[in-house]
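Participant: Sequence:
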Amino acid sequence: MQSIIIATAAVGIIGLLIGLLLIMVDKKFKVEVDEKEIAVREFLPGNNCGACGYAGCDAMAAAIAKGEAPVNGCPVGGTPVAEQIAHIMGVEADETTKEVAFVKCSGSCDKVVQKSNYVGIHDCASAVASGLSPWACDYGCLGFGSCAAVCPFDAITVIDGVAVVDRAKCRTCGKCVAVCPKHLIEIIPDDSAYAVSCSNRDRGPAVKKVCSTGCIGCKLCEKQCENDAVHVENNVASIDYSKCTGCGKCHDKCPAGIIQKRS
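The opening position of the sequence shown corresponds to residue 28 in this note's numbering, with each subsequent residue numbered one higher.
Hint data in this document are derived by calculation from the structure and do not stem from the laboratory. C-beta: ideal position from N, C-alpha, C; glycine also. If a hint is listed, it holds; no wrong ones were tucked in.
Taking lysine to aspartate or glutamate and the EDC-like style, the derived pairs with C-alpha atoms no more than 20 Å apart in a straight line are:
no. : residue 1 : residue 2
1   : Lys-276   : Glu-260
2   : Lys-288   : Asp-218
3   : Lys-93    : Asp-61
Just the calculated beta-carbon pair ranges, DEER-fashion:
no. : residue 1 : residue 2 : range
4   : Thr-123   : His-210   : 23 to 33 Å
5   : Gly-231   : Pro-72    : 43 to 53 Å
6   : Gln-141   : Gly-284   : 15 to 25 Å
7   : Gly-73    : Lys-270   : 33 to 43 Å
8   : Leu-47    : Pro-107   : 45 to 55 Å
Can you make the complete structure from the sequences, with help from the hints?
Facilitator: Below you can see the structure in the form of structure tokens.
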């Protein structure tokens, strides 16, 4: 009986010492929790897409709470999330302009010349790495849907050989921009009236040999623009959206029809 009492007492003392040790360790290494960080994190969407420039939503919340990132730094959440976070932080949320991804190619299957039958991995990066392409245009969309595969919002669909962005679903996370090996996807203001749907940098005659809807670099759009918003560089037109007023003169004059009117 005495041995049992001694053993029980020893176990109890050891348990008490371990408990005291754990309390001491907890106090020494305790990480203070920022209540604002927790509150901010609740409003972030949780996609962990990295479009904000941070590793994920947790890192973004911590940066906002510390004042190292703006309250409207999450492009996925947009203005509603920015306003909620601004309220938590006790600051005013700057007005943000909604942006969306846009694919700079209109060379669908009926417009671009087919060069070969591709039988490799149906992935854009793999096709580029192999040096093989089913299309004669070296600058156009391959149509294998790598951008659609990485989009967490189901905003991209390959239609007739060309990736198309659903503006209503796009949250501007930037994953499609990063994954496209042809660098065909750009982020533009959602309210932009027009966009250039071509990336071919070859000269006009060479473009027309491979695609019936490619930019020929004629500069008629550039000459028509009264606001210096359209320029032809490397034989392809581009729009400076900070200057564009949406007058549509470039669209009306483009003989190739590659300056699309966006509804």
